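Spelled out from the first residue to the last, the chains are:
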Amino acid sequence: MLNPISLAFKKAKDAKRPALLTYTVAGDSSKKQSLEILKAISNYADILEVGVPHNTPVADGGQIQTSSYRAIKNGIKMNDIFKIVSDFKKIKNSKPVIFMGYYNMIFQYGENNFLKKCKKSGVNGLIVVDLPWPENKIFSKKCKKNSINFIQLLSPTTSNKRLKSITKDAHDMIYYISMLSTTGGKLKVSPKKILANYNKIKKISPKKNCVIGFGITEKTISNFKNTDGLVVGSQICKEITRSLNNRQNPVINVSKMVSKLKKKIS
Amino acid sequence: MKLKKRIPVIDQGDRLGFWGGKFGGNFVPETLKKPIEDLELQFNKLKSDKNFIKERDNHFKNWVGAPTRFIKLDNLTKHVGGAQIWSKVVSDANGGAHKIYNATVHCLLAKRSGKKVIIGDTGAGYAGKMLSMAAKKFGLKCKIFMGAKDIKRQQPNVKAMKKNGADVIPVYSGSQTLVDAVSECMRYWVANCDTTAMCVGSTVGPAIFVRICGWSTSQISRELKVQLINEFGEIPKKLKLYNCVGGGSSSFGFWNEFMDYNKKQVEFIGVEAGGPSKSKRHAAPLTYGSKIGILHGAAQYVNQNSDGQIEETESISAGLDYPGISPLHCFLKDVKRARYTAASDEEALKAYQIVTKYENLRPSLEPSHAFSVAIKEAKKFSKDTVVIINSCGDAYKDRGILEKKLGKKYVKSN
Numbered sequence: 001m002l003n004p005i006s007l008a009f010k011k012a013k014d015a016k017r018p019a020l021l022t023y024t025v026a027g028d029s030s031k032k033q034s035l036e037i038l039k040a041i042s043n044y045a046d047i048l049e050v051g052v053p054h055n056t057p058v059a060d061g062g063q064i065q066t067s068s069y070r071a072i073k074n075g076i077k078m079n080d081i082f083k084i085v086s087d088f089k090k091i092k093n094s095k096p097v098i099f100m101g102y103y104n105m106i107f108q109y110g111e112n113n114f115l116k117k118c119k120k121s122g123v124n125g126l127i128v129v130d131l132p133w134p135e136n137k138i139f140s141k142k143c144k145k146n147s148i149n150f151i152q153l154l155s156p157t158t159s160n161k162r163l164k165s166i167t168k169d170a171h172d173m174i175y176y177i178s179m180l181s182t183t184g185g186k187l188k189v190s191p192k193k194i195l196a197n198y199n200k201i202k203k204i205s206p207k208k209n210c211v212i213g214f215g216i217t218e219k220t221i222s223n224f225k226n227t228d229g230l231v232v233g234s235q236i237c238k239e240i241t242r243s244l245n246n247r248q249n250p251v252i253n254v255s256k257m258v259s260k261l262k263k264k265i266s
Numbered sequence: 001m002k003l004k005k006r007i008p009v010i011d012q013g014d015r016l017g018f019w020g021g022k023f024g025g026n027f028v029p030e031t032l033k034k035p036i037e038d039l040e041l042q043f044n045k046l047k048s049d050k051n052f053i054k055e056r057d058n059h060f061k062n063w064v065g066a067p068t069r070f071i072k073l074d075n076l077t078k079h080v081g082g083a084q085i086w087s088k089v090v091s092d093a094n095g096g097a098h099k100i101y102n103a104t105v106h107c108l109l110a111k112r113s114g115k116k117v118i119i120g121d122t123g124a125g126y127a128g129k130m131l132s133m134a135a136k137k138f139g140l141k142c143k144i145f146m147g148a149k150d151i152k153r154q155q156p157n158v159k160a161m162k163k164n165g166a167d168v169i170p171v172y173s174g175s176q177t178l179v180d181a182v183s184e185c186m187r188y189w190v191a192n193c194d195t196t197a198m199c200v201g202s203t204v205g206p207a208i209f210v211r212i213c214g215w216s217t218s219q220i221s222r223e224l225k226v227q228l229i230n231e232f233g234e235i236p237k238k239l240k241l242y243n244c245v246g247g248g249s250s251s252f253g254f255w256n257e258f259m260d261y262n263k264k265q266v267e268f269i270g271v272e273a274g275g276p277s278k279s280k281r282h283a284a285p286l287t288y289g290s291k292i293g294i295l296h297g298a299a300q301y302v303n304q305n306s307d308g309q310i311e312e313t314e315s316i317s318a319g320l321d322y323p324g325i326s327p328l329h330c331f332l333k334d335v336k337r338a339r340y341t342a343a344s345d346e347e348a349l350k351a352y353q354i355v356t357k358y359e360n361l362r363p364s365l366e367p368s369h370a371f372s373v374a375i376k377e378a379k380k381f382s383k384d385t386v387v388i389i390n391s392c393g394d395a396y397k398d399r400g401i402l403e404k405k406l407g408k409k410y411v412k413s414n
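Chain order of the listed sequences is A and B. The first sequence begins at 1 in the working numbering and counts up one residue at a time. The second sequence begins at 1 in the working numbering and counts up one residue at a time.
By construction, these hints were calculated from the structure, which means they are not laboratory data. All values reported here derive from a predicted model rather than from experimental measurement. Any given hint could be a false lead.
What the hints assert, rightly or not - In silico DSS-like links for lysine-lysine, alpha-carbon gap of 30 Å or less: (1) B:Lys-34 / A:Lys-193; (2) B:Lys-278 / A:Lys-145; (3) B:Lys-115 / A:Lys-192; (4) A:Lys-186 / B:Lys-116; (5) A:Lys-77 / B:Lys-291; (6) B:Lys-291 / A:Lys-116; (7) A:Lys-202 / B:Lys-34; (8) A:Lys-73 / B:Lys-116; (9) A:Lys-193 / B:Lys-116; (10) B:Lys-111 / A:Lys-141; (11) A:Lys-77 / B:Lys-111; (12) B:Lys-22 / A:Lys-188; (13) B:Lys-291 / A:Lys-142; (14) B:Lys-379 / A:Lys-164; (15) A:Lys-208 / A:Lys-164; (16) A:Lys-168 / B:Lys-111; (17) A:Lys-192 / B:Lys-116; (18) B:Lys-149 / A:Lys-142; (19) A:Lys-137 / B:Lys-149; (20) A:Lys-77 / B:Lys-22; (21) B:Lys-116 / A:Lys-137; (22) A:Lys-219 / A:Lys-144; (23) A:Lys-168 / A:Lys-39.
To be verified - Covered stretches of chain A, going by a simulated chain B footprint (3 or more residues, C-beta under 8 Å): (24) 50–61; (25) 109–119; (26) 129–139; (27) 142–155; (28) 173–182; (29) 191–201.
The beta carbon of each residue, even a glycine, is placed where N, CA and C say it ideally should be.
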């Protein structure tokens, strides 16, 4: 039986389109609202990345930082984040959820406790931004034992030698960072170049699902139709901020945006 | 966990960059793995390259101004009664603080690797000021990230950076102090690491930055060792080295050459920033037993809540106002080679008043923390005990705060 993440990729592939992955920060702008957003966008997105906000992020751009600080300011705690996922899963059990965050949150919770709790609340995968390979070897094995996908990251600076070692240790999904940037940067590399790197990864590791993230927006997404999956994060966070500033409902606006994104790659 | 002899502490980390198996490391985004590895290869090669060391020493001597003075504080010694009180006046160094050593070495490395831009973080503004000076000297463009709150309270250094042609980029996120400046600087490096070199302003950050900084500031103890032998004919039998500890670069450099001595002979005392005496907030993770966490790429004792969010700090001294602490100091604490304690804002201010009353020396608020503890403890020591305080910064940058807290008479016009 395929795990939920691989199944989501397979379904997208069958529909001849990339999987759409969204990123929203847990607790942005409140626990309740972030759950509502997840519910609404899950009608269009194939996999939901849930950001675990951290207050000293070393790889997030302005939009995600704003969302994270807002969530932390509104009092979000690790246990609330697990609760948001389990509440979501009560309604949409088959929709895969991936946590994306920084290692200190896991470290303080205790790796084993954290994984136990992930399993219990229905988290299917983990992206730990500041736990690169080979530092993540032991933890990624622990994830595997608990049937949780540990998602390795690759970037344009990853050497070929590293690329081979990392993909060898990778589980079912790999995340390619499109360019040298924090999240939400403007796409400063041509899609052609990004796709060349993407194809290089696919050649080395054809069976693993590889998604592209960073700089993917409504404007750029249609350039990458022939890929396994695409992640949109900062643009969604920006839309939440914009909606709040204009006293509009972020749930409606974000869900409209994700529906549009889906159309562009379908 | 054990401190090895005859191996520099900066080289005692394991394969993954952990000291004592748990402090330090490289908790960085994948994108930074390559530039960090490049820097490691470069530094490992150059740190034992005779020509490079000659070049460094030449700049330290002729540009930084080595050695900085080692002076006896006779009046203070008489006033306190007890141990002999001496000071290593590191603020003599070009620019007025120890940050010049690390900045110089980083610019030399950047230049050799062909980078055209160097970026850095700063709290008190010294690291930024020195980096801007060194960048100017070596023909590199320079960007300095600085918390908006620190920009307000350390204006003299901000002006100096701008005068040296650096871009000072205010950081408005989080507490708007050093911790946020370092985060923002690292984020900028993530996005520009192909063309830009990064200098971390203290012995913090991913392991290679801890090592480069420790290697650079060790100039302080190299000088001191020679000066002690000149003065006493030997390393004194009872020597106590007091230093303030924020990130930990000046204290590590002040102690490094004495690492192999028995601690009964050469004791290290690190003084952290206890913050306002009435506030629960502080910047003293070692003194107040903070838990190990990850901050800016390294595992260390760090002020944080139970979830792992980094906590805001509070200290009158911008240079010590950092929630974490160098992995080197975590290691030295756990192997019990160094002893750590804290001084409050008020105690530091009082020490500043005492020192400036008795001596022609104006330690900035950072070393004033170390003076506070040294003065208190020196009373109890015998006359043959040699107490040395690293006066690693000059109070010129603090004149706004000093004027506000103590009145005009404590601020000189220059």
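Each hint tested on the structure:
Distance check on the hinted pair: B:Lys-34 and A:Lys-193 sit about 19 Å apart at the alpha-carbon level, within 30 Å; holds. In summary, the hint linking B:Lys-278 to A:Lys-145 is not supported, as the alpha carbons are separated by about 49 Å, beyond the 30 Å threshold. For the given pair, B:Lys-115 sits about 27 Å from A:Lys-192 by alpha-carbon distance, which is consistent with the 30 Å threshold. Only pairs whose Cα atoms come within 30 Å are accepted, and A:Lys-186 paired with B:Lys-116 is accepted, the gap being roughly 23 Å.
Note on A:Lys-77 and B:Lys-291: the hinted pairing holds, with a Cα-Cα distance of about 18 Å set against a maximum of 30 Å. Taken as a hint, the B:Lys-291 and A:Lys-116 pair is honoured in the structure, with Cα atoms around 23 Å apart against an allowance of 30 Å. For the given pair, A:Lys-202 sits about 21 Å from B:Lys-34 by alpha-carbon distance, which is consistent with the 30 Å threshold. As the CA atoms of A:Lys-73 and B:Lys-116 are separated by approximately 39 Å, the hinted pair breaks the 30 Å bound.
Between A:Lys-193 and B:Lys-116, the direct Cα distance comes to roughly 25 Å. Compliance with the 30 Å bound is thereby established for this hinted pair. Between B:Lys-111 and A:Lys-141 the alpha-carbon distance is near 41 Å, which puts this suggested pair outside the 30 Å criterion. With a C-alpha separation of about 45 Å, the suggested pair A:Lys-77 and B:Lys-111 falls outside the 30 Å cut-off, and the hint is violated. For the proposed pair B:Lys-22 and A:Lys-188, the alpha carbon gap of about 38 Å is over 30 Å, so the pair is violated.
Between the alpha carbons of B:Lys-291 and A:Lys-142 the distance comes to roughly 24 Å, so the proposed pair stays at or under 30 Å and holds. With a C-alpha separation of about 63 Å, the suggested pairing of B:Lys-379 with A:Lys-164 is violated against the 30 Å cut-off. For the hint linking A:Lys-208 to A:Lys-164, the alpha-carbon distance of about 13 Å falls within 30 Å, and the restraint holds. Under the criterion of a C-alpha separation no larger than 30 Å, the hint pairing A:Lys-168 with B:Lys-111 is inconsistent with the structure, at around 37 Å.
At roughly 28 Å between alpha-carbon atoms, A:Lys-192 and B:Lys-116 fall within 30 Å of each other, so this suggested pair holds. Proposed proximity of B:Lys-149 and A:Lys-142 is contradicted: the alpha carbons are some 42 Å apart, above 30 Å. A C-alpha spacing of about 40 Å is found between A:Lys-137 and B:Lys-149, which places the hinted pair above 30 Å, so the restraint is violated. At most 30 Å may separate the alpha-carbon atoms for a hinted pair to count; A:Lys-77 and B:Lys-22 meet this at roughly 26 Å.
A hinted pair counts as satisfied when its Cα atoms are at most 30 Å apart, and B:Lys-116 with A:Lys-137 does not qualify at roughly 35 Å. For the proposed pair A:Lys-219 and A:Lys-144, the alpha carbon gap of about 36 Å is over 30 Å, so the pair is violated. Our distance criterion of 30 Å between C-alpha atoms is broken by A:Lys-168 and A:Lys-39, whose separation comes to about 34 Å. Restraint check on the stretch 50–61 of chain A versus chain B: 8 residues with Cβ-Cβ distances below 8 Å, three needed, restraint holds.
For the stretch 109–119 of chain A, the proposed coverage by chain B is not satisfied: 1 residues have a C-beta within less than 8 Å of a C-beta in that chain, short of the threshold of three. Remark: the stretch 129–139 of chain A is confirmed as covered by chain B, as 7 of its residues place a Cβ nearer than 8 Å to a Cβ of that chain, reaching the required three. Note: the stretch 142–155 of chain A has 3 residues with beta-carbon separation from chain B under 8 Å; the three-residue rule is met and the coverage holds. Chain B is given as covering the stretch 173–182 of chain A, and this holds because 4 residues of the stretch bring a CB closer than 8 Å to a CB of that chain, at least three being needed.
Judged by the Cβ-Cβ criterion of 8 Å, the stretch 191–201 of chain A is not covered by chain B as claimed, because only 0 of its residues qualify and three are needed.
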